[in-house]
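Visitor: Given chain E, put chains P and C in place with the hints provided.
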Amino acid sequence: MSGMAATDTLSKSALSLKVIIPKLEAVAIPLFAVIFGFAVFSLFLIVIGKSPSDFFSLVYKAGFSTGFSWQNTLSRAAPLLLAALCVALPAKLGLVVIGGEGAIALGGLTAGALGPHLSSLPYPVSLPILFIASAMVGGAWIGTVGLLRIKRGVNETIASLLMAYIAIALMNHFIESVFRDPASLNKPSTLPFAEAMRIGDMPIGISVHWGLFAGIIACILSWILIEKTTLGFAARIAGSNIRAAQVQGLPVGKLVIGFTALGGAFAGIAGFYEVAAVHGSANASLIAGYGYTGILIAFLARHNALAIIPVTILLAGFEASSGLIQRRMDLPDATILVFEGMVFVAILLSETLYGRFKIFSTNYWSKIS
Amino acid sequence: MSDVADIGLWGVPLAIIGGAIRVSTPFLFVSLGECITERSGRINLGLEGTLIFGAMSGYAVAVNTGSAWIGVLAAALAGICFGLFHGWVCKFKGVNDIAIGIAMMLLGTGLAYFFGKPYIQPVAPDLPSISFGWWSDIEQVQAALQVNALFIIGLFLALLLAWGFKSTKVGLTIRVVGDSTDAARAIGLNPDRVRLLSTAAGGALAGIAGAYLSLYYPGSWNEGISSGQGLMAVALVIFARWKPMNCFWASLLFGGAGALGPALQSVGISQGYYLFFAAPYVLTLGLLIATSSPNKAMESAPGELSITK
Amino acid sequence: MTEKKLSRRTFLANSALAAGATALATAGMTGFASAAGLTVGFIYVGPKDDFGYNQSHAEGAAAVKEMAGVTVIEEENVPETVDVQNTMESMINFDGAKLLFPTSFGYFSPHIQEVAPKHEDVRFQHAGGLWNSETDPKNVGSYFGYISMGQYLNGIVAGHASKSKKIGFVAAKPIPQVLQNINTFLLGARQVDPTITCQVIFTGEWSLAVKEAEATNALIDQGCDVITCHVDGPKVVVETAAGRGAYVCGYHANQSPLAPEQYLTGAEWNWAAIYTSMVKTVQDGGTIDNFVRGGLAEGFIKMSPLGPSVSDAARAQFETVKAEIMKGGFAAYKGPLKDNNGNVILNEGESFVETDVALESMNYLVEGVIGSIG
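Protein chains in written order, with our numbering: chain E, 1 to 369; chain P, 1001 to 1309; chain C, 2001 to 2374.
Pulled out of the complex, with its shape left as it was, chain E reads as follows (with noise of 0.2 Å):
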């Protein structure tokens, strides 16, 4: 080997270092901030008097240690991928969006609705019918905000809180009155699914249904739609300044109207699994608050689509363990939420972090090098 070759490795490593650690600022941050977090954390647990060192053993061993614990943090993430990408869409134009539990609702009553009249059909046929009946009405439903932003001025956060409780109301109307099944005695559903009808688990060895594919294949196309398609650019474009987007003839109102259906469409979606795959039927246990985590985990993956999947991983994991930090360690139900809560706030806290570090910058490694 002679010198002139070492120092070229040498000066190539030093390139590769100088393009990665860059780039390591995105993972380094949220790390730290989550072991920030879990410091906080394990603070209130002293001065509760219980042992940090358990409830992370629990926690790991619940959420993320055997095939079972992946099976209940997974089968948690379905909903919430697709309801998180229902805040996180519009969010791209500026919107704050917070009424993806409404379009859970209409999506899954939609699908709990029809889903028995199409019993005759084969499933291939059926189940993508109701998948997009269900995301055409969650759309409708969201893209309604957006149309009433654009058209009215009205506010897509109150209108879209509004219209969550509105949805509702409708889903358990309807549940109780034309669509009830008469044999749903004292759990008011809509006609049961066919068991052919019934959408299973996927073929990865534990009982995780097919839901969760959906949110991971929503949420990658969702970020190819943002980052690498002229729309996605404009969205951005107008979401960062709608004036000068209108200036330059962005057809703003049409991408609010769009990136809100979409959003709407993938919360529809949420609600068609949530019957077709878990509760075989439409009632009001589809009312389970992934709406509103789904705001939670769209602010904390910042919008941006790939990141809500480790988010929502993330999140499912902890809530996958409160039930074992429950029996084993003696506290309350709420003791996860605490977590969370702590967890989160100090990941959103560290954004302030960002370009603070000189080690992070590329200009520190072009000096240097």
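It should be emphasised that the hints constitute simulated quantities derived from the structure, not laboratory data.
For every residue, glycine included, the Cβ atom is placed at its ideal position computed from N, Cα and C.
Hints may contain errors.
To give a feel for the contact side, a few chain P residues facing chain C, derived at Cβ under 7 Å [what the hints assert, rightly or not]:
(1) Asp1137
(2) Gln1140
(3) Gly1224
(4) Ile1225
(5) Ala1259
(6) Ala1263
(7) Ser1266
(8) Tyr1273
(9) Tyr1274
List time: in silico SDA-like cross-link candidates among lysine to any residue, alpha-carbon distance up to 20 Å [said to hold, decoys possible]:
(10) Lys1093(P) with Leu353(E)
(11) Lys151(E) with Leu170(E)
(12) Lys2165(C) with Ile1007(P)
Here are the simulated distance ranges between beta carbons [to be verified]:
(13) Ser119(E) with Lys2327(C): 44 to 50 Å
(14) Asp1137(P) with Gly289(E): 44 to 50 Å
(15) Met202(E) with Glu2298(C): 43 to 49 Å
Guide: Frame of chain E; chains P and C shown alone:
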């Protein structure tokens, strides 16, 4: 129970009036608090968590001290702590006030449930109410006009804030900071400090709103005590166009419309009861659409407010 | 009605195998496992001290905790979603639970139906009486009590206490179980005075504090002076009604500490007796019947002690009727009986006894109830 008259259908308007007074107070306090915060250019979406923590801490302190008013004070103090934290962390560059609010909602709720477990069973003293129905012999009218002191305080607070924003130096300071950080700096104001205090004030009022729920109406602490009043009230501020007196009317409307469903059922109309229960939301949305306009979009919105930018 | 008769030997063999598997599965894990004795899991949909449905089950769990050789594990606030499936599996996988009591009605379909076939060595006991011998797994059991008989007794005491001859009912949803309670409450009151009417308000949710308070106020505004309810946690209804000076009858659990003066009596679950006997059966190597039901006589339900405001006449009639019910085969529904739309339910001479299956699909309110089922 003295002198219960058969009031029949009169029960409906009476229930709406009574309901407006009973149910509106938490909306009123949270929305007034958020009004102060948003006027300063920040939004605190986490007041739902503050409200729930206020409900718990107010109840717990009232149980332990035997005084409902000390409970209210404790709830306000707890609210100030949450507000100060929100106000402080949001001054850092890159920290998103909406996102922090949502995480604080989770944290506040979690802490309230965590520490509230031992207080689900004990009974706390209730806040007193004032009878404005003395002129009537009808028990139902007397009951509907049992007005809690906090409601009256809330009304005066709305008037005070309306006047304060318009005519006092403090009000002007908050508005200037809310409209433009740069302009505020230019005239020597410290926007971060103004927003910190405004958010703390908002938190205090949200805490009191929670204490109203647990100490007066419905008057008990349990984990289902709030059905989203805190979040809804934050949204109502936008509906009220950041005007304190509008917050008052919006809260009354919301409370009154919420009483419609049970009242109609009490006179035998129970078909489609879920739809009647949605009345406050439908009514508010309808008014919102009717009063909005694409051109004057959010003319009264504080310029620095992230949610309407 | 037992569908699955395990011989004592197979049962023991199964449990030994399972215990071994559990010991392996939990090796190296912190905390306890079911190495010795039986681990029993209780799952609640709300907080376990809600003065209501969940508390009644938690009181049963507390009684099981007192038994020797039993480890009780509990989880509260578990929604009727995939969450409860995960909770059940977690109790089985991590704690080696062999007997589960997922107590919320909505846990059954599809959640218990989904999980039970995967764990044939675990027994699932569900409150609600939904088990179907043809379609449901054999390691699942149903149990429920005829609590509407308790509402009948509530009605008798209410009938004596009411001066306005109007009594009120705050109800969650118009489903058969709730409708039965509303109807028997009124039928009980009409044993005292056949002119009494009962006003009902549905809140639409099992737990919604402000709406429950509004409903209670609206009932009292309409002149109702005795209130009862069927929601998950009656605390708000009881306190609001008592605050307005009305009398209250409790439900699910004993709420008398909330309103000692105005609390007349209440229909309570008596899960302690039921759960301890079920756990005992499993401990002794037996099998619990798949379908168990009972009323006052069988100890499934009980009445709160009569409050200080209950008159002597009310007390006497309460005790007489209670003794009748204790004999079994009591019929609260006797013809001629119409619903509140005028349709005939029962003709002269016909009746529904407490165990009649016709009651389980009830979709009407009887004559005298003001309200409709939507």
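Visitor: Give a verdict on every hint.
Guide: Hint check:
1. Asp1137: Because about 15 Å separates Asp1137(P) from the closest Cβ in chain C, which is outside the 7 Å limit, the hint is violated.
2. Gln1140: Holds, because the Cβ-Cβ distance from Gln1140(P) to chain C comes to roughly 4 Å (cut-off 7 Å).
3. Gly1224: 5 Å, holds
4. Ile1225: Holds, because the Cβ-Cβ distance from Ile1225(P) to chain C comes to roughly 5 Å (cut-off 7 Å).
5. Ala1259: Interface hint status for Ala1259(P): holds (6 Å vs cutoff 7 Å).
6. Ala1263: Hint on Ala1263(P): holds, closest Cβ of chain C at ~5 Å, below 7 Å.
7. Ser1266: 4 Å, holds
8. Tyr1273: 5 Å, holds
9. Tyr1274: With Cβ-Cβ at 5 Å, under 7 Å, it holds.
10. Lys1093(P) with Leu353(E): 9 Å, holds
11. Lys151(E) with Leu170(E): Status violated; Cα separation ~25 Å.
12. Lys2165(C) with Ile1007(P): 15 Å, holds
13. Ser119(E) with Lys2327(C): 44 to 50 Å: 48 Å, holds
14. Asp1137(P) with Gly289(E): 44 to 50 Å: 47 Å, holds
15. Met202(E) with Glu2298(C): 43 to 49 Å: 46 Å, holds
Going through the hint list in order, the structure does not satisfy hints 1 and 11.
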